[in-house]
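Colleague: If you want the building blocks of each chain, they are given just below.
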Amino acid sequence: MSLDYLDFEKPIAELEEKIVELQRASSSSNLDLEREINSLRSRNHESTKAIFSKLGAWQITQLARHPRRPYTLDYIERIVTDFQELHGDRMFADDPAIVSGLGKMGGRNVAIIGHQKGRDTKERTRRNFGMPRPEGYRKAQRIMRLAERFHMPVVTLIDTPGAYPGVDAEERGQSEAIATSLEVMATLKTPIVSVVIGEGGSGGALAIGVCDKLMMLEYATYSVISPEGCASILWKSAAKAPEAAEAMKVTTKDLSRLGLVDEVIKEPLGGAHRDYDAISEAVKNAINQSLDALCEDSNEVLMDKRYQRLTGFGQFELKK
Amino acid sequence: MNWFERILPPKVKTTGRGGKKGVPEGVWNNCSSCQAVLYAVELTHSLQVCPKCNHHMRMGAKERLSSFLDDDSMVPIAESVGSLDVLKFKDQKKYKDRLADAKKSSQSSEALLAASGSVKGVNVTVTAFEFKFMGGSMGAVVGERFVQAANHSFENHQPMICFSASGGARMQEALFSLMQMAKTTAAISRLRANSIPFFSVLTDPTMGGVSASLAMLGDVIISEPHALVGFAGPRVIEQTVRETLPDGFQRAEFLLEHGAVDMIVDRREMRDSIAALLEKMGFGPND
Chain A
-12 MSLDYLDFEK
-2 PIAELEEKIV
8 ELQRASSSSN
18 LDLEREINSL
28 RSRNHESTKA
38 IFSKLGAWQI
48 TQLARHPRRP
58 YTLDYIERIV
68 TDFQELHGDR
78 MFADDPAIVS
88 GLGKMGGRNV
98 AIIGHQKGRD
108 TKERTRRNFG
118 MPRPEGYRKA
128 QRIMRLAERF
138 HMPVVTLIDT
148 PGAYPGVDAE
158 ERGQSEAIAT
168 SLEVMATLKT
178 PIVSVVIGEG
188 GSGGALAIGV
198 CDKLMMLEYA
208 TYSVISPEGC
218 ASILWKSAAK
228 APEAAEAMKV
238 TTKDLSRLGL
248 VDEVIKEPLG
258 GAHRDYDAIS
268 EAVKNAINQS
278 LDALCEDSNE
288 VLMDKRYQRL
298 TGFGQFELKK
Chain B
46 MNWFERILPP
56 KVKTTGRGGK
66 KGVPEGVWNN
76 CSSCQAVLYA
86 VELTHSLQVC
96 PKCNHHMRMG
106 AKERLSSFLD
116 DDSMVPIAES
126 VGSLDVLKFK
136 DQKKYKDRLA
146 DAKKSSQSSE
156 ALLAASGSVK
166 GVNVTVTAFE
176 FKFMGGSMGA
186 VVGERFVQAA
196 NHSFENHQPM
206 ICFSASGGAR
216 MQEALFSLMQ
226 MAKTTAAISR
236 LRANSIPFFS
246 VLTDPTMGGV
256 SASLAMLGDV
266 IISEPHALVG
276 FAGPRVIEQT
286 VRETLPDGFQ
296 RAEFLLEHGA
306 VDMIVDRREM
316 RDSIAALLEK
326 MGFGPND
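Line by line, the protein sequences give chains A and B. The numbers in our numbering rise by one with no breaks, and the one at position 223 of the first sequence is 210. Remember, our numbering sits 45 above the position in the second sequence when you count from 1.
Excised from the complex, chain A in its bound form:
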């Protein structure tokens, strides 16, 4: 089975293989197998639909982490024109786990910031698997401040397992970097739109995710701790990650039902990695529409709404 398929997609992969075989047979032997191929295709379509209509939280977690899933730069290439990447935190280093820069979207100049994972081993290491160090967050803060000064909205794309848990990151103030990012975003006088495109991993995700509008792709996840981490603490076994994923309501569907997500962006059948162009188009439209609406508000109204939104998170009871 090819790496493109996850365990639960086995029936899809098998049908896909048969189709390829038939295609090969038909071209080498001049047999007309088009009818068979078409019928297999429609069977495959139905079976994919069936499988994807009832995915569990753990299956969605795997999709969100899919090695072929489109990453920030894949989106930037398709949805931003004239993108110019800006590097570095001006203090210590440039963190390749976060990409940032300026570009144009829907006739608007925007600042765009996102976590970036790597596609192959070398790139994965360079991008640190999308786990930022403090300098990544400080770079993000710098670009956000710049966007504020020059009246550009900020678009962030979230896709990280979490902030990097390393000795160097702690030495350089990982906590401070995340906390300050939260504060910069809570007070930034320009609209901020965030899209969780893959993994929304804890504080490392939220550090570029405080916003006026939060959107999530259909098969993305967002959680306070990884299912593995939660399972190893509460169930005393990382193997219970599927249970933890279910209990923590990490999926877009659940989070949207809980009112934590403002808009869901539908993915192509089989997931975003099956059609980069289609998902990019959907993401672009969702961002542009959101910015259209947010840019209508004055800064004062925008800041007031954001304050109400942020301080309104969480339900509790009032006793007596």
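It is worth saying that the hints were derived from the structure and are not from the lab. Mixed in with the good hints there might be a few duds.
Said to hold, decoys possible - What follows is a set of in silico ranges between Cβ atoms, one per label pair, in the way DEER data are often shown:
id: 1; chain 1: A; residue 1: Asp284; chain 2: B; residue 2: Pro96; range: 53 to 63 Å
id: 2; chain 1: B; residue 1: Asn239; chain 2: A; residue 2: His32; range: 51 to 61 Å
id: 3; chain 1: A; residue 1: Arg106; chain 2: B; residue 2: Glu314; range: 53 to 63 Å
id: 4; chain 1: A; residue 1: Glu1; chain 2: B; residue 2: Arg237; range: 55 to 65 Å
id: 5; chain 1: B; residue 1: Glu108; chain 2: A; residue 2: Ala265; range: 58 to 68 Å
id: 6; chain 1: B; residue 1: Ala238; chain 2: A; residue 2: Asp81; range: 24 to 34 Å
id: 7; chain 1: A; residue 1: Lys91; chain 2: B; residue 2: Glu324; range: 46 to 56 Å
id: 8; chain 1: A; residue 1: Asp155; chain 2: B; residue 2: Met308; range: 21 to 31 Å
id: 9; chain 1: B; residue 1: Ala238; chain 2: A; residue 2: Arg261; range: 42 to 52 Å
Unchecked claim - Stretches of chain B that chain A covers, calculated by requiring three or more beta carbons in the stretch to come under 8 Å of a beta carbon on chain A:
id: 10; stretch: 133 to 144
id: 11; stretch: 187 to 194
id: 12; stretch: 232 to 246
id: 13; stretch: 260 to 270
id: 14; stretch: 296 to 309
We put the CB at the ideal spot given by N, CA and C, even for glycine.
Could you slot chain B onto chain A? The hints should help.
Modeller: Frame of chain A, contents of chain B only:
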């Protein structure tokens, strides 16, 4: 364990640890660092700091508030804010049951207590985390109580001080707990915009989502000696980098050296230190 216990084989012991016959429980305590046997009353008087080795033992939120504020000045804030199990979260145990157990074992209504009062005559709002309540974890109640305390500071233009002691976000409240980082940050930013001081005091331990939000946003950040403070827990880091961590890693002294905190202050001098800083920032005692 003291030297005597170390020599004495455990099977010979007939009474419980430290429990001599005829002596009521709780009269004597051991220092959790040097193991010195300490008279409980003396320990309360020294604010849970060992008089022998100066080790700062963990202090509960109630004791923290009452010992920090001037006598008879304390007025509780946001006490009526209580937890709801929105997600019906269940791991090996129901979250609801965990909450009930935590209330009992910690003798605290939640993981954060808030109060208004004065310190050396200066009106302040104070919040303190209760580590015994589910590891001082931050959920919706902690976030809301913190915001209400910040609102009190805002309305009365009085400084806010927060004593942190937390393992981080409360997993049982999932994404709601993560969002408390943004919520508390927003409240602090409003104090900042209005030049109302927010002091963060880091006590052992301050980790994860609490460290990466409100605790690191103080206008002044003070740490108690030797407190463990960081984003990722030492075990997680060890598993990631696959090496043992250096001595003193993520301790208050390490943070001071790396520029993450302003000062390390002995708990017994905390009131004086904070009142003196506030006075310089224009918040002196009331007439």
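Colleague: Give a verdict on every hint.
Modeller: Going down the list of hints, with the structure as the test:
1. A C-beta distance of roughly 59 Å is found between Asp284/A and Pro96/B, which places it inside the suggested range of 53 to 63 Å.
2. A hinted range of 51 to 61 Å for the beta carbons of Asn239/B and His32/A is consistent with their spacing of about 59 Å.
3. Hint check: Arg106/A to Glu314/B, Cβ distance near 55 Å, so the stated range 53 to 63 Å holds.
4. At roughly 59 Å, the beta-carbon separation of Glu1/A and Arg237/B lies within the given 55 to 65 Å, and the hint holds.
5. The given range of 58 to 68 Å is respected by Glu108/B and Ala265/A, whose C-beta atoms sit roughly 60 Å from each other.
6. Here the CB-CB span from Ala238/B to Asp81/A is close to 31 Å, well matched to the stated 24 to 34 Å.
7. Look at Lys91/A against Glu324/B: about 52 Å separates their beta carbons, and that is inside 46 to 56 Å.
8. For Asp155/A and Met308/B, the Cβ-Cβ distance of about 24 Å falls inside the hinted range of 21 to 31 Å, so the restraint holds.
9. The beta-carbon spacing between Ala238/B and Arg261/A, approximately 47 Å, falls within the hinted interval of 42 to 52 Å.
10. Figure legend: the stretch 133 to 144 of chain B, annotated as covered by chain A; annotation consistent (4 residues with Cβ-Cβ distances under 8 Å, at least 3 required).
11. For the stretch 187 to 194 of chain B, the proposed coverage by chain A is satisfied: 3 residues have a C-beta within less than 8 Å of a C-beta in that chain, meeting the threshold of three.
12. Beta-carbon proximity to chain A at under 8 Å applies to 6 residues in the stretch 232 to 246 of chain B; the threshold of 3 is reached and the given coverage holds.
13. For a cut-off of 8 Å, the count of residues in the stretch 260 to 270 of chain B with a CB near a CB of chain A stands at 3, and the three-residue condition holds.
14. A count of 3 residues in the stretch 296 to 309 of chain B with a Cβ less than 8 Å from any Cβ of chain A is obtained; the coverage claim is therefore met, three being the minimum.
Checked against the numbered hints above, the structure breaks none of them.
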